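Student: One-letter residues, chain by chain:
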Amino acid sequence: MSVQDRRSTARIVGVDVGGTFTDLVYLDAEIPGGLALAKVPTTLDNQAGGVMAALEAAGVDTALLDQIVHGTTTTTNALLERKVARTGLITTRGFRDVLELGRRTRPAPYGLTGGFEPLIPRELRLEVAERMDAEGEVLTPLDEAAVIAAAETLKAAGCEAIVIHFLHSYANPTHERRAAELVRAHWAEAEVTAGHAILSEFREYERGTTAAVNATVQPVLRRYLKRLTDRLSEGGYGRTLLVMQGNGGTISAKRAADQAVNTVMSGPASGVMAAAYTARAAGFENVLTYDMGGTSSDVGLIIDGIPSIHSELDLEYGMPIHVPMVDVHTIGAGGGSIASVDASDLLRVGPESAGAMPGPICYARGGTQPTITDANLVLGRLDPARLLSVDTPVSLEDVRSRIRETIGDPLGLSADNAAAAILRVANDRMAGAIRMVSLSKGHDPRDFVLFAFGGAGPLHATALARELAVPTVVVPARPGITNAIGCAVADLRHDFVNTLNAPLEALDIADVHALFAEQEAEGRALLEAEGVTLAGVEIRRSVDMQFLGQSHILQVPLDMAAPRLDDLDRLFAAAYWERFAVELPEIRPVLVNLHTAVLGHRPAVPLAQLAASDTRAATLDGARQTARPVWFEGAGWCETPVYRRETLPADAAFDGPAIVAQFDSTTVIEPGQSARLDPFGNLVITVPNPFGDAP
Amino acid sequence: MTPLDPITLTVIQNGLQQVCNEMDLAFSRSAFSPVISETHDRSDGIYHRDDGALIAQGEDGLPVFVGTMQDCCATVSERARDLKPGDVYIVNDPYLGGTHLMDVKFVKPFFYKGALFCWLANTGHWPDTGGAVPGGFSASATEVEQEGLRLPPVKLYKAGTIDEEILAIINSNIRIADQRIGDIKAQAAALTVGERRLTLLLDRYGADTVDRAIAEMRGRASRQMRAKIAAVPDGVYESTAIVDSDGVVNEPLTIALTLTIDGEEAHFDFSRSSPPCQGPMNSVIATTRSSVYLAMKHIYPDVAINAGTFEPLKVADPDGTFLYAKYPRPVSGCAAEVSQRIAEAVFAAMTKAVPDHLFAAPAGTSGNFSLGGTDPKTGRGYVCYLISGGGYGGHPNGDGLSNGCSTIGISKTTPIEVVEQRYPILYEEYALREGSGGAGAHRGGFGVRYKVRLRRGDARASFVMDHGRVGPQGALGGEDGAPNTVLVERGGESYVPEHLSKEQGIAITEGDAITVETPGGGGYGDPAKRDPALKAQDRLRGYYPD
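Taken in sequence, the protein lines are chains A and B. Count the first sequence with our numbering and you get residues 1 to 695, in order. Count the second sequence with our numbering and you get residues 1001 to 1546, in order.
Because the hints were derived from the structure by calculation, they are not lab data. Computed from a predicted model, the values in this text were never measured in an experiment. Misleading hints may appear alongside valid ones.
[As the list claims (entries may be wrong)] Computed footprint of chain B on chain A, listed as stretches where at least three residues anywhere in the stretch have a Cβ under 8 Å from a Cβ of chain B:
no. : segment
1   : 110-116
2   : 132-141
3   : 423-430
4   : 633-641
For every residue, glycine included, the Cβ atom is placed at its ideal position computed from N, Cα and C.
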C-alpha cells in the first residue's frame, strides 16, 4: 500500500443502528490509541438522528473522516412493521396470485389458524400476455401495449414502485427486461424491480416475493439514505458512504437502494463479519458466533475464516427472501425471555419475552414475570448496582421472592435453585439450537470456538460451551459494539447467481466458464464505480449441485475460474460425502446454479486499537474490583473475584471462577475454566469437556 | 423411589426431543426423493421397548404419522426375534399399524449396555412401491395387492449390513428402483444418528433416570390432555363427514361420529359409519386413531406429544365400517384423504361442544394428481406427482388461510417452474379460486384453480382427491366452502369425471388439459355480521366476483 493510500484510509467510522442503541466505533490507524466509541439511543423514525448524535458523542470531526460504514435496520423494520411503499406487480397472465398462494403451507405444524398478507395486495397485481417455457423459449410474445397500460393503471392507483415478475425469467430474462424498459420509459419516477435482476434462480414464489421485498423497501431506503448523506455532507464528509448488506459486504449509498433487499438483516451479518475478522486475527478459523440480546439470540457459522452464506431466509411466515446472506439463525431466547411453569408442571423459558417494556423484573418498569436476566442477577452473575436500563431500582430481595413465588413454589425449589433451574433450562435449549445450526451443515460443534458478544452473550457462553463440548470461548474486547466493528471491517461485496440446471453430462462447460466470466466482470465494474480505495479484489465462486431427481441443493465452493466437468463431479461427490456421509455413484449429478461473489477488500483495520487502554493495571490484583458470591452449576455458591475488563493487564491470565465486568457486558468464567487476554484484547477462555471425548 | 427433580425432567425431555429433531434433520437433508427432502413427508421418533408406545417424536414430522408409528412399533416388538444391534426392520403393511403402502417404516432396536432400551423408528413416503399405477394412488384398486408391494416386518439390515437379497426383491417390485437406494441409505442413517445421540444422553443421565423421566412425562402429558377435555362440557356430540366415493362404486361414504365427553375422557365412536368399501378409501385402524389424535392436537396445539397424550382419547374399534379395514381391502386413500375427513368429523363435533375455541372446516384434501408417461423429447419415463392445498376455515380471530396445507401433512407444493423443467406439461393458470371461501363473519380461505396441458407425447392421468360432492362445513352460521372440481379436456371435448374427485389411468395426449379447482374453507359465524371494512376489502380484491 502506498503512503498516499494509507493516508486516505486511516480514519474509519463504523456505525450500526440497533433496536435500542446506535453504536459507533472510530478507529484511527495513525495515532496510538486512536479509538473512540459511542452508544446513543436509536432514533426510530429517522435513524439519521441517532447516527449524527453518535458521531457527536464520539467527538469525531466528520470532515476529516476517510470512510464511514453504516449498518441500518431501515429495511428490516419497514418490512416487519409493514411501513413499506405502495407497490404494484406486472406478471405473466394466469399467475398473479402466486405471491398470495405461496407453496401450500401453514404457520405451524399444529393449529389451523394464522396466515399472512402478501406485500402486494391483489388489486395491485396485474397480468399481461407473455410466456417462456423452462428452456427459455418464447411461447407467447410479450404484449407491450398491455405492459404500458398496466403501468398506467398502477401509477393511477398511487404506486411508487413496480415489480416485473415473469415465469422462467431466470432462463430467459428478455421479456422482463423489455417490460422494465417500457415502464421506465413511460413513467420515469417509478422504482422498477425486475425479478431476474434481483435473483436469477428458479422458484416463482420465492423469486417473486424477494423482488416484492426489494421494491417495497426501495423508496424507503432511498429516502433514508438521502437524508443521511445530506446531513453528513453538511458536516463536511466528502467521501463515499458505505452501507452494510445482509451478505456481510458493503455497497455505496448511491447504489444500495437499487438492490435494497440486500440490506435486510444486515445487523446480524455485521456481527458475524466482526467475529470472522477478529477471530481470524486471533488465530481461530472455525467459529460459532453467539450474539445474545434482550429478546433473541443470533447464531452464525464461520468455516475456514469465511462466514457461511445461505439464500433461504424467511423473514417471517410468508416472507421468503432468497438472496445470498450471512447464514444467521435466530433463537427465541434472550435476556428478557420469560420463565414459567406450564400446565404439566414443567419449567419453560421463552419464547415469550418481556422485551424492553416491561422488561425483566429487575428493570423496575413493571415487569412481574421472571426472566433470564433476573435469574442472572439473583445468582450473582450481574452486579445489581451496575445493571443497565434501571430507572428505579428494585431490590434484589424483590426479584428473589418473585422467582420463588412463580417458579420455586410450584416446583418445590428454593429461590436460588429456581433461578439456577431457569439458567439450566435456558442454556440447555440454546445449546440444542446451536447444535442444530451446526449439524444442519454437517459440522461438529467440538471443532469450533464459540465467539460470544452482545449484551448477554458472554454471560452464557462458557456454560453453553461446556454443554456443547466446545473447547474455547472468545469474548472480544468490545462485545457490546460488535456490529459497529463489523461495519468498520467489512469488505465491499457483490453477489451473482445464475441458474443453468443441467446434468453434468449434458452441460457445455464453456457456458459455465462464460457465465463465471460475466459475473466476475459485472462485479469488477461495480467495484470500480464505487470510488472506494481497495487493497485488493477477491473472487469467490461456488456451484449449487444436486443428484438428478433431488430437489434440495448443496453448495460446493470452487477454487478455480474454469473448472472441468470432472472437477465438478469430484468436488460435488466430496462435498456430499462430507455433509451426509452418503455416496451415490449410481446417480447423475446436476449443476443447478453458479455463484460468484466479488469482494473488494478494504485496507486492514487496526484492530489492536480496540485493546488499547491507558487504564491497565500492572498486576491482576490491581484489576480486581471486588469479590462477591456467585452461583455455579455443580459448585453452588463460590466467592468470586470481579475484574474490570479495561484494567486487566495486557498479559492477564487467571482461572475461574471469575467475573469480568465492563461497561455493557459481563463475562462469566466457571470453576475449572481458565482465561487469558490475547494481544487484541480478546478474552480467550479454555473450557474442559466434562463428558470426556464422546463420539 | 425419590421423584425426579423437575429440572432434570425438563432437560431429559428436551434431550429426547433433540434426538428426534436430529433424526428428522438427518433424514430430510440426505434423502433422495423430493417428497421426503423437500416436502418432509416423513417422521422420526423414539418408542417404548415393551409396547412401542410413543416416547418422543420430531417436531417437524408429518402429523398423521404421530399415531401410526407407535402401532407399527408395537407390531414389530411383538414379532421381533434374535435382535442384534444394527438390525433394522422394514415394514409397510397397512394392517400392522400403518397408513398406505407408500409410507415405509424402518424400525431399529436400540441397545444400551447390552440391553434393549427402546425402539428408534422412522417413516418415509416412497415415491413408488409398485402396484397398478405409478406413485401408488390407484383410484380403482379393489385389493391391496393392486396397490403395491406389501412388506411385513423383515430385517433389511442384519447387524448393520444390508440384506442384498431382500433389497433385490424390493427393487424388482417398484418403479424407478435405481433411485431408491438413496432414500434407503438416508432413512437408515437417520436412525444411526439417533442411536449416537441417545447413547450420549444415557451416558450422561443414566438409563434408570431416563426411564423414570419417560414414565413421568407420559403421566404428565396424559394429565395435560385430561385437563383440556375436562374443560369441555360433558355431553354427546354428533357429526358427519362425507367421502365422495370409494373410486369404484359411485356412492358417498359417511363418517358418522358420536363424541361423548365424559369428565376427563373423550370417547370417539364411529360405528354408524359406512361399511367397508370396494375401492381404496378404506382406512386401517392405526390411521383412524391417528386422525383423531392429530385433530385434537390441531385443536390443542400446546399439548405435549407422547403416548400419554392419547390415553384419554378413547377410539372404539369401528368394526364393520370402512374405518377399520382388514386384509385385503385396498387402502391407498386413507393416509391423505379419509384421514382428513375423520379429522373434519372431529372438528365438527368439537365445534358443537366448544364453539368459541374451534374453526370451520379446512379444505381437507391433498389433491393427489399423478401423470405418468414417456417424454418423446428425452425418451425417458416420468411420473409427475402433484399435490395442492385449499382454504382453511374461518376462526374466532380471523379469516381462514388460503392455499393451506393438508391437515395431516406439512408438505409444500413443488414450484411451477420446477414441474415444467422436469415434465412435459405447461401450466396455463395457477390462481386463487375466487368465491371459494365460505362466507362468514370470518370467511373461509380460498382454494386454488390450476390448469395443466400436456405438451408432448402420451400420458396417463390419475387423481385421488375429495370434497367434490359437498364443500368443507361452515361453523356457527358460516357457509360451506366451495367443493373440489376436476375438468378433463381430451381430444377437444370436456368432461367431469363420474366420481367427481377420483379417476384412474385417463389416457391423454399432446394438447389435452386438466383443470382442478380445490375447495375453499368453511365460513365461521353469520356472514351478515362481517365487518363492512373487510367486506369492502374483499370486493376491492375481487375475492367474490359478482
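Student: Now, for every hint given, state plainly whether the structure supports it.
Tutor: Verification of the supplied hints:
1. Here's how the segment 110-116 of chain A fares: 6 of its residues keep a CB closer than 8 Å to some CB of chain B, so the rule of at least three is met and the hint holds.
2. Coverage of the segment 132-141 of chain A by chain B holds. Counting CB-CB distances below 8 Å, 3 residues qualify, and the rule asks for three or more.
3. Three residues within the 8 Å Cβ limit are the bar, and the segment 423-430 of chain A against chain B gives 4, so the coverage statement holds.
4. Counting residues of the segment 633-641 of chain A whose CB lies closer than 8 Å to any CB of chain B gives 0, which falls below the minimum of 3, so the coverage claim is violated.
Comparing the model with each numbered hint stated earlier shows that hint 4 is the single one that does not hold.
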